[in-house]
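Chains as they are written, first to last, in this note's numbering: chain C, 1 to 244; chain G, 1001 to 1109.
These are computed hints drawn from the structure, not numbers from a lab. Among these hints, one or two may not hold up.
[Stated by the list, open to error] Under 8 Å between C-beta atoms, here's a sample of chain C residues computed to sit facing chain G: (1) Lys15; (2) Ala80; (3) Thr143; (4) Phe154; (5) Val175; (6) Leu188; (7) Pro189; (8) Gly206; (9) Ala235.
[Claimed, not checked] Examples of chain G residues lying across from chain C (beta carbon under 10 Å, computed): (10) Val1049; (11) Ile1058; (12) Leu1105; (13) Phe1108.
We treat Cβ as the ideally placed atom computed from N, Cα and C, and that holds for glycine.
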Amino acid sequence: MRLIANRQAYVQGMKDCSPFIVIVVPFSALFGMVATDAGLNILQVVAMSAIVIAGSAQFTALSLLQEGAPVFVVLLASLAVNMRMAMYSAALVPHIGGASLGLRMLMAYVMVDQTYAVSVQTYEANPAMPQDAKISYYFGCITVVCLPWYICTFLGALLGQAVPASLSPDFAVPVCFIALFAPMLRSLPHLVAAGVSIAAAVVFSGLPWNFGLIVAALLAMVAGAQVEFWQRRRAARAAQVSHD
Amino acid sequence: MIDNGTFWLVTLVLGIGTYLIRFSFLGLLGGRQLPDWLLTHLRYVGVAVLPAMVTPMILWPAAHGGAFDPLRMLAAMAALAAGWRLGVMWAIFIGMGSLWALQWLVGFA
C-alpha cells in the first residue's frame, strides 16, 4: 500500500489541519525555549521532540526533571499524560486498522491530539470514505502538524526568547485543546461526556502523577456511552409504541 | 541543571513507552471488527480526554503561578463558544485574541 494513495484526500487533510499551524508553531518554539532555559543543549531538545512528539508529556517530564524528581516518578507522570493516546489508538482502529503493519507502525509514531481529533471527525462525517483516502487524509494532517513541530522546536531552542512572555504563549495549549473538542459538542451524549470530563478533572485533580486525567476520561466515556444507550432504548420504545 | 545520563534515560524510555501506547490497539487489533459496546464508548474519547486536559490549565495556569486567572477563564470561554459555533480556526484566533485584548485592557485600568 502506498503512503499517499489518494492525493486529493491528502491535500484535504493538510487543509483541515492547517489552522493548527498557528498553535504548533508557538507551542513547539516555547518548548524549545523552556528546555534550553532548563539547561538542555540543542541536540537534546530536538531529540526529545523527535523521539517523544508529545508536547504536554515533554513539558511534564522537563519540569519534574528540573525539580529533581526521581526518574520513575518523571516517567510515570509523563506516561500517564500520554495514556490518553491508547484511547485514540483504539478509536482509530475502525477507520484505518486495515492498513498494512508498516503503515500502522508509522501512523502510530505520529499519532497526536490534532491528527486524531481532526481525522476521526472527518471519517465519522463521511462514512463512505474508502480506507485509502482515510490513510492519505491522516498523512495530510500529520504533514502540517508534525513537520512544524520538529522545525519550530529547533528554532525555539536556537533563538531563545523568540516569543515574548507578554504574549502568553502558554495559553496556546489550552486554546488548542478547546479548538479540538468544541466542534465535537454536537449531541446530548457528547455534551454530557464533556461535562463529566470537566467535573471529574476537578474532583480528581489531587490524584498523584496525573492519574486524575485518566480517571476523568474513563468516567466521561462511560457517561457519553450510557446517554447514547439510553437514547437508543427510548427511540426503540417509541418505535414500538407507534407500531402497536 | 539536568544530568545528561538522566535526560537520555528519561527521553528514551518515555519515547519507547509513548510509542507502545500509540501502537497498542491500532497495531495489535488491526482490521478486526470491534464490538458495538466498545465502539460506542470510543466515540466519546475526544470529548472525554480533551476537556479533562484543559480544565486544570484554565483553573490553575502555571504561567500565573498556579493561581486562578479570570482573564484566562474568560478567554477560554470565548474560545469554546467560537469553536462550537464557528469552528476550529475561530476558536484559536478568538481564544488568543481575547486574552491579549483583555490583558491590554486590564493594563490600562
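Check your understanding: Holds or violated: G:Ile1058 as interface residue toward chain C, Cβ cutoff 10 Å?
Key -> G:Ile1058 check passes; min Cβ-Cβ to chain C is 6 Å, inside 10 Å.
Check your understanding: Should the hint that C:Thr143 touches chain G count as held when the rule is a Cβ pair under 8 Å?
Key -> Since the shortest Cβ distance to chain G is 17 Å, the answer is violated.
Exercise for review: With chain G as the partner, please determine if C:Gly206 meets the hint condition of a C-beta pair closer than 8 Å.
Suggested key: Hint on C:Gly206: violated, closest Cβ of chain G at ~11 Å, above 8 Å.
Check your understanding: With 10 Å as the cut and Cβ atoms as the points, is G:Leu1105 at the interface with chain C?
Key -> Where the cut-off is 10 Å and the nearest Cβ of chain C is about 14 Å from G:Leu1105, the hint is violated.
Point to revise | C:Ala235 as an interface hint toward chain G, with CB separation required under 8 Å | key: Violated. Min distance 14 Å.
Review point. Is the interface hint for C:Pro189 satisfied, with its Cβ closer than 8 Å to some Cβ of chain G?
Key: holds, 7 Å
Review point. Does the nearest C-beta of chain C fall within a distance shorter than 10 Å of the C-beta of G:Phe1108?
Key: Violated. Min distance 15 Å.
Review point. Per the CB criterion, is C:Ala80 less than 8 Å away from chain G?
Key: violated, 10 Å
Review point. Is the shortest C-beta separation between G:Val1049 and chain C less than 10 Å?
Key: holds, 4 Å
Practice item. Report holds or violated for the interface hint on C:Val175, using the least CB-CB distance to chain G and a cut-off of 8 Å. Key: This hint holds: C:Val175 lies near chain G, its Cβ roughly 4 Å from the closest one there, short of 8 Å.
Check your understanding: Hint check: is the beta carbon of C:Leu188 less than 8 Å from a beta carbon of chain G?
Key -> Check failed: Cβ of C:Leu188 comes no nearer than 12 Å to chain G, outside 8 Å.
Exercise for review: Have a go at the C:Lys15 hint: is there a Cβ in chain G nearer than 8 Å to its own Cβ?
Suggested key: violated, 11 Å
Of the numbered hints given earlier, the model fails hints 1, 2, 3, 4, 6, 8, 9, 12 and 13; all others are met.
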